[in-house]
Each structure stands twice: as structure tokens, then as C-alpha cells.
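Asker: Got chain A sorted already, so can you dock chain B onto it with the hints?
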Amino acid sequence: MGAHHDHDHDHEERWSEVELRVKALESLLTEKGLVDPAALEVLIQTYETKVGPRNGAQVVARAWSDPAYKARLLEDATAAIAELGFTGRQGEDMVVVENTEAVHNLVVCTLCSCYPWPVLGLPPAWYKAAPYRARAVREPRAVLAEFGVAVPEEREVRVWDSTAELRYLVLPQRPPGTEGLDEGALAELVTRDSMIGVGEPLPPAGAAA
Amino acid sequence: MTTTDLAQSPAIPRDGDGPVFREPWEAAAFAMAVRLHERGLFTWKEWAATLSEEIAAAQDRGDPDHGDTYYRHWLAALERLVAAKGAVGPAEMTARRDAWDRAVRATPHGQPILLANDPRSCAHRP
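Protein sequence lines, in the order shown, are assigned to chains A and B. Position in the first sequence counted from 1, then plus 20, gives you my numbering. Position in the second sequence counted from 1, then plus 1, gives you my numbering.
Same shape as in the complex, but just chain A (with noise of 0.2 Å):
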């Protein structure tokens, strides 16, 4: 190495102590065959790409168009979500609560961040964050009222704290006016947010707002 001091040290490259954290531990771990980097590489670029809320997003769509799957969906949510293809980590144990003119649902997780992966994607930065964990129980109107959830005084909101073995998904209301509109059609108006609870779905083209 001597040989190379003779240059100006403007290599000033450096990781950050969480870089090199996770540097360590990828290199050990591989080195004891426990992962593999390329599967790490797959793994990633399904999570980043492939997975999200539109695996949700026509679950919702059938169970509107369907009432059959409707009823499957709210007797065994992990079956008839796998009935679509959509099935893995973080799905084994579903549940469906749904949106009515008594009940609007809320999901939460209070410890940690415990969310459907195989129809959600993995939770946005508000869902993991402190201040959405302890409000959602304490004060669900309060926070619905800021996700723009007007929930009226006579509905019940019932707040879900989801864990490592059950996950919840809000199956919403569906939409006035969407009585013409096929599937495909349906889920483009299913939100992230709606089904987590802190958001209604879009109304259909041409509503009025």
C-alpha cells in the first residue's frame, strides 16, 4: 500500500456506520450459506416492482361484482385471496372486515409495522411511524379526519390491530354509480388507503366529485 501515498487522498469515499452494518452482516451471512446476494437481488426488485396495493385493488373489485366470492372473501379471507394468486410472506393469515353503513374499519399495527404484503406492497413511511401506530387507537376520528375520512357520529369505527399472525385488509364500500363498470374498471377506484381504512375509494369518471 506505501507505494500508493504519493497521491493526494481524494478518495474520500466512506459508508455510513449503517452501510457498513448491513456490509457485514450481507458478507457473513453469505459466507455461512445462509443467503445468497442474488436471491436478495430477486427478492428486492419483487417488492419494488411486483407486489403492491393493485394485488388488493382486484380482490376488492371481485368481491364487489361477486357476491359468492364476497361471502368466501369474509369467511376465509387467506383462501379465497389465494384463489386470485396472490400468496406468500405476510398473507398467511388474513382477515377481511368490511365497510358498511354501521362499521368503518381501521387498520393498525401498534407495535411494529405487521401489514399484508401479498395485496398491499410493503406499508407506506406513515404506517410504520409512531405518531399513525398510537393515534389510530387512541384517537381514530381524529386521524381519519386528517387522512380528509369523515366518518358520521352514528357509524361505529372499529380499529383492528393487526400482528405477526393475523393481518387485516378493509374490504370499502363500494361506490354509488358504479353499477355498469366490470371488474378491471372497479379496482382502478380501489385505493392503497382505502384499504387500510384511511381513505374512501375514488368515485367513478364522470361523478361528480
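Output of the computed footprint for chain A on chain B, the stretches with three or more beta carbons under 8 Å from beta carbons of chain A:
(1) 29 to 38
(2) 50 to 56
(3) 60 to 74
(4) 77 to 90
(5) 99 to 110
Read the hints as simulated data drawn from the structure, not as lab findings. Ideal Cβ placement from N, Cα and C applies to all residues, glycine included.
Answerer: What follows is chain B alone, placed relative to chain A:
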């Protein structure tokens, strides 16, 4: 609830459908935990419990925990769990972290950073 409570309630950070991972190391930490769980090194229940503890401990230390530090907690949970399961111990982790640190500093700008670039690595011994 009083108006004071509401005024003191921290704002909830909101986002659109932004990027899932903000930096590559976050994605790497995420993927390692998923793969180790698949291999059966730990159950997801153990994982969720460890992550919850790390988040609670960080909050006790004063982390406002707005979601931006989430993968730091994730990494801390992962390090603790692999140590508890005997896969990678803390001493081994520290030694390897230091080796990467030396390798990064010893690598000329623009060259790939390799562990072998660590001046103290075996590759540099005669």
C-alpha cells in the same frame, strides 16, 4: 379528548406511493430478514416481537420514530436475532464491520470496493 390533547398530537407523516426503500441498504436489510425467516432461522412471531422491542427501545431513547428510522430498527432487530440464534455473533460482526471500513478507505475512487482491499486482509499477506 381535550383540545390540548389534539394540539399536542404529533402530525402523521403522509406520503403518496413513494419509493419502498429510500436507500439500498434498507432493501438489503429487508431482504436478509425475509430470507432468514424462509430458511427457518426464526419464526415471524419472533421477528415481530424483536422488531417491536427495538422500536420501543428507540422511542425510549428519544427517537421520534416518524418512519424514517424504521429500517435502522429493522437492522438492529436482525443483528440481535442472528446473534441470539447463533448464526453471527456480535464480535464477528464488529470485526467484519471494521474490515469493510478499512477496505472502503483503502479503495481508490472509482474502483469497486472489495473486502480484499482491506490492508489487513489475507489477500495482502505474502
